[in-house]
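Novice: Single-letter residue listing:
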Amino acid sequence: MSASILTVDDSASLRMAIRIALTGAGYAVTEACDGADGLSKAAATRFDLIVTDLNMPNMDGLSMIRALREQPAQAGVPIVFLSTESDAEVKAQAKAAGATGWLVKPFEPEQLIRVVQKVLGR
Amino acid sequence: MSIEDPTVAFRVEACELLDQVEQALLDLTHRLDDAALIDSVFRGLHTLKGSGAMFGFDALAAFTHHIESAFDRVRKGRARATLELVATVLTARDHMRALVEGDAVPQDGGAILARLAAAVDAPAIAPTAPPRPAAADAATAGWQLSFRLPRQALAHGTNALALLDELRALGDCTLVARRDTIPPLDQLAERDCLVTWDATLRGDVPRAAIDDVFLFVLDDMELSATPLAPADPTPAATAAAPAPAPAREPDRSASGQPAPDTFGERRARVVQGELVRVPAARLDTLMDRVGELVIAQSRLSQLAGDRHDLQLRSVAEEVERLAAELRDTMMVLRMVPVSNLFGRFRRLVHDLARETGKAIALETVGESTEIDKTVGERLFDPLVHILRNACDHGLETPDERVTLGKGATGTVRLAAHQAGGAAVITVSDDGRGVNRARVRAKTEASGLVAPGEVLTDAELLALIFHPGFSTAAAVTNLSGRGVGMDVVKREIERLRGTIELVSTEGAGTTITLRIPLTLAIIDGLLVRVGTARFVIPLAAVEECLELSAEEDRRSLGRSLITLRDRLVPFLRLRELFASDAPPDAFQKIVVVATGRERVGLVVDQIVGSHQTVVKALSPFHRGIGSFSGATVLGDGGVALILDVAQLVARGQQIEAAMEQAA
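These protein sequence lines map, in sequence, to chains H and L. Each residue of the first sequence is one higher than the last, beginning at 1 in this note's numbering. Each residue of the second sequence is one higher than the last, beginning at 123 in this note's numbering.
Derived by calculation from the structure, the hints in this document are not laboratory data. From a predicted model like this one, the values you see are computed outputs, not experimental measurements. Treat the hints loosely; a few may be bogus.
[Claimed, not checked] Below are the DSBU-like pairs computed for lysine-lysine, each with C-alpha atoms no more than 35 angstroms apart in a straight line:
no. : chain 1 : residue 1 : chain 2 : residue 2
1   : L       : Lys-737   : L       : Lys-495
2   : H       : Lys-41    : H       : Lys-105
3   : H       : Lys-105   : L       : Lys-198
4   : L       : Lys-528   : L       : Lys-564
5   : H       : Lys-91    : H       : Lys-41
6   : L       : Lys-495   : H       : Lys-41
7   : L       : Lys-737   : L       : Lys-710
8   : H       : Lys-91    : L       : Lys-198
9   : H       : Lys-105   : H       : Lys-91
10  : L       : Lys-198   : H       : Lys-41
Using the sequences and the accompanying hints, generate a full structural model.
Specialist: Written out as C-alpha cells, the structure is:
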C-alpha cells in the first residue's frame with residue numbers, strides 16, 4: 001500500500017504542485033488549507049507523513065505541529081515543514097515544536113520526493 | 123478538461139494575495155500600529171515570495187523579498203509604520219501585480235525600493251546568509267563515528283532505523299549500540315532516544331555524505347567523526363558538531379496563537395474552507411451547455427405537446443422541471459458577493475483623498491449582497507466614475523466643510539441590497555450637492571435648454587446624464603478623463619439597469635443603480651417583424667398598443683404618437699431593419715423606456731413573453747448597435763435581443779430632429 005501524505009498549505013497553487021509531485025511518485029495525498037484544517041484531517045486519519053507550510057492564516061504551521069505532538073496518537077508521525085531560506089530562527093522553532101525535517105522553498109518536485117523518501121525511510 | 127497547471131493557479135492566487143495585502147494596508151492607514159494588520163501584510167508578502175519563487179516568478183520573488191524585509195523590520199519594531207511607508211508599499215503592490223501579470227519591466231522596481239529604504243530608514247537590505255558551507259572533503263579511508271540522536275527524535279518522527287540504513291549504504295559499516303548512556307529504568311521515558319552508536323565506516327566517504335544522512339537532526343545531535351588513519355597521514359581532527367543535547371525547550375515566547383481577525387483574513391477564510399475554485403471560463407462553458415439544454419428541452423416539450431403520447435409528455439415535463447432547476451442552480455453558481463467589487467474601491471478612495479487633499483471616509487454597507495460575476499465586472503468602471511465625481515466634485519475641502527459646520531472628514535457611502543430580481547447599489551456623499559444654478563447656466567450655454575424654459579427639478583437633474591454635459595468649472599486631474607455621466611448611464615443601461623440621481627444642495631448627492639442580478643437570462647417579449655423575430659427585455663417594456671392603419675397613415679412622416687397627452691417618438695423596426703415582407707394589417711407598438719425617456723417600437727406581431735438564455739454576439743457583430751445579444755428559440759430559430767438603450771437614444775434623435783423642423 002502506498003504511503004499516505006497530508007499536505008497543509010494555504011496556497012492552492014503550492015498544494016496543487018505538491019499533490020502533482022507526490023501522486024506522481026505513487027503516494028496518496030490529502031490536502032488541508034490551514035493549520036486548523038490540517039489538525040482536524042490528521043485527527044480523522046493517521047497519515048504516514050505530514051508536509052506543512054508554516055506561514056498560514058487560521059492557525060499557523062508551528063501551532064499545528066505543537067498541537068499534533070501533544071496528541072499521543074500523532075507521536076512519531078513524521079512532519080516535514082516548508083520554509084524559505086530567511087527563516088533560520090523559524091526553523092529552530094519548528095524543530096523544537098516537533099518537526100522531523102524541512103524543505104527550503106523554492107524546491108523542485110524531485111527534491112520534495114527525495115525528502116519524503118528520506119523521512120519515510122524509503 | 124484542461125490539465126491542472128499550478129502556475130495558472132498561482133497567478134490567480136497571487137492576485138488575491140495582493141488584494142488582501144492592499145486591503146490590510148488600507149486598514150493600516152487608520153490604525154498604523156495595529157500589529158495584527160502588520161502581521162497580515164507580512165504574511166501575505168511572505169507567501170507571495172515563497173510561492174513566486176516556486177513557480178519561476180523570480181523577478182517577483184526578488185522584489186517581494188525587499189518589501190517583505192521592510193515589513194519585517196516594522197513587525198519587529200525596528201522601523202515604524204508610517205503613511206509614507208504604506209503609500210510606498212501600495213505602489214510596490216501595484217508593481218508586484220504587474221510582475222504577476224508579466225507586463226512590468228523588472229527595473230521599474232528600483233525607484234520603489236529606494237523610496238522604501240528611505241521610508242523604513244534602512245540601507246539596502248542585506249542579502250540573507252548563504253547556505254551552510256559544505257565541509258571540506260579529503261579522500262579518506264573511512265570514519266570512526268560515535269553519535270547519539272536527539273532525545274526526542276523518535277517522538278518527533280525521525281526514523282532512526284532508516285538513518286542507520288542510510289549510513290550503512292555509504293560503505294562497509296559496522297554498527298555497535300552502546301547502552302551505557304541509557305539511564306536507569308525508573309528515569310526512563312519510553313519514547314526517548316537514548317542509545318549511542320559507535321560505527322566504523324570504511325570506504326572513500328566524504329564527510330558531507332555523513333552530514334547528509336543526519337541532515338534534519340544534525341544541529342541537535344551529538345556526532346563525532348574521526349577519519350580512519352591509514353590512508354590519510356595528516357593528524358585527524360575530531361570534528362564534532364555542536365551538541366546542545368538534549369535539544370532546547372520549545373520556544374514558548376514565539377506566540378503560536380493565530381493573529382486576531384483582520385479584513386484580509388476574514389476574506390481568506392471565506393474564500394477557502396470547503397469551497398472549490400473553478401475558473402470563470404468553465405462556468406461560462408457550463409452556462410452555455412445549460413442554455414443549450416434548455417433549448418433542446420423546449421423543443422422536446424413542443425414535440426411532446428403535439429403528440430398524444432402520455433408517457434412522452436410526462437418525461438418531457440420531468441425534463442422541463444429538471445432543466446429549470448439546473449438553470450436556477452447554475453445562476454447561483456455565478457453569483458459573487460459585492461464585497462470583491464467594493465474592496466477595490468477602498469484603494470481608489472484612498473488615492474483620491476491623497477490627490478485632492480480631502481479627508482474622505484468610505485463606508486460600505488451590504489457587502490454580502492450577491493450579483494452575477496460578469497455584472498460585477500462591468501459595474502466597476504461606472505462606479506469608479508461615480509465615486510470620482512463624489513470625491514472630486516461632491517465633497518468639499520476640509521476647510522470649506524468646517525466653515526459650513528460639517529465635520530472635516532467627508533463621507534462617501536457605498537451600499538448594496540437586493541430587491542426582487544435586481545441589485546440596488548447606491549453611492550452617496552455628504553458633500554455640497556448639485557448646484558442647480560450652475561447646471562442651468564451650463565446647459566443654457568451649450569444650447570441644451572432654451573433660456574427661460576421651465577424645467578422641474580427632476581428634469582434639470584436629468585440633464586446631467588445628457589451627452590457632453592460636465593459641470594466642473596475647471597477640469598481637474600481626476601474627473602477630466604473625457605467621460606461624462608452619459609457614458610455611465612449608457613453602460614448601466616447596457617446592463618439593463620437604471621440610474622437615478624437625487625441631490626440636496628448643501629447636503630449631498632445620492633446615485634442609485636438598479637441592476638438585474640444576472641445577465642445570462644432575461645425575461646423578454648418575443649415580437650415578430652416580417653419573418654424575423656426579436657426579443658425585447660421585458661423590464662424595459664411599458665405598454666403595448668395597437669397602431670391602427672388610420673393612425674399609421676396619419677402619423678406618416680412624423681413618427682410620433684400621442685400617448686396620454688404626451689408625444690412619444692416611434693421607430694418602425696420594419697424600416698430600421700429593412701424588412702421586405704409586407705406589414706400586417708394591425709401593427710403593434712411596444713413602448714419601451716429607460717429612465718424617463720420612452721420610445722415606441724412598431725412590430726407586426728407580439729408573440730408573447732419568453733424567458734431566454736442570452737448568448738453574446740460574436741466579436742464580428744459586437745459593434746452593431748441596436749442588438750445586445752441573441753437567443754435560440756424553442757423551435758431552434760434565432761432571435762436577436764434589442765438594445766433598448768440604443769433604440770431610445772435613436773428615438774430621441776428623431777424627436778430632436780422633429781422639433782427643429784417644427
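Novice: Could you run down the list of hints and mark each one as holding or not?
Specialist: Evaluation of the provided hints:
1. Lys-737/L <-> Lys-495/L: Holds - the C-alpha atoms of Lys-495/L and Lys-737/L are around 16 angstroms apart, at most 35 angstroms.
2. Lys-41/H <-> Lys-105/H: holds, 24 angstroms
3. Lys-105/H <-> Lys-198/L: holds, 23 angstroms
4. Lys-528/L <-> Lys-564/L: holds, 28 angstroms
5. Lys-91/H <-> Lys-41/H: Between Lys-91/H and Lys-41/H the Cα gap is close to 24 angstroms, so the pair holds against 35 angstroms.
6. Lys-495/L <-> Lys-41/H: holds, 32 angstroms
7. Lys-737/L <-> Lys-710/L: holds, 27 angstroms
8. Lys-91/H <-> Lys-198/L: holds, 18 angstroms
9. Lys-105/H <-> Lys-91/H: holds, 13 angstroms
10. Lys-198/L <-> Lys-41/H: holds, 33 angstroms
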